[in-house]
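Novice: Sequence:
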Amino acid sequence: MTDHLGAPPERTVLSSSAMVAGPALTNRVWRTPTHALILGPAADNGPYGYLTHLQLSCTPLSCGPELPSADDEDGLDDWIATHIDW
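Converting from the sequence shown to this note's numbering requires adding 14 to each position, the first position being numbered 1.
Derived Cβ-Cβ restraints for the label pairs, each shown as a range:
no.	residue 1	residue 2	range
1	Gly89	Thr48	19 to 25 Å
2	Asp88	Gly20	29 to 35 Å
3	Asp17	Asp92	26 to 32 Å
4	Leu19	Ser76	16 to 22 Å
5	Thr46	Ala95	18 to 24 Å
6	Asp86	Asp17	27 to 33 Å
7	Thr96	Leu28	14 to 20 Å
I should point out that these hints are in silico values taken from the structure, not numbers from a laboratory.
Just so it is clear, the structure is predicted and the values come from calculations on it, not from any experiment.
Quick reminder that beta carbons are idealized off the backbone N, C-alpha and C, glycines included.
Please work from the sequences and hints to get the whole structure.
Specialist: Okay, here's the thing in structure tokens:
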């Protein structure tokens, strides 16, 4: 994503148990002028327990364009949860 967009993620945050079951993995957030791009963990929810996959979500920024401040971890978790579509 960084190579394709030409910029590093705006935010990198460890996933919380509220976002996905299983081990904590990193969510990375990029924004284009029109979309939020989030690469993060998604639980498998299958018969094998806590398999975790990485998924890329591309969501219009119309549902909340502003990122919370870097020290607002709960706000950033909520922002990510609003923008992911899995």
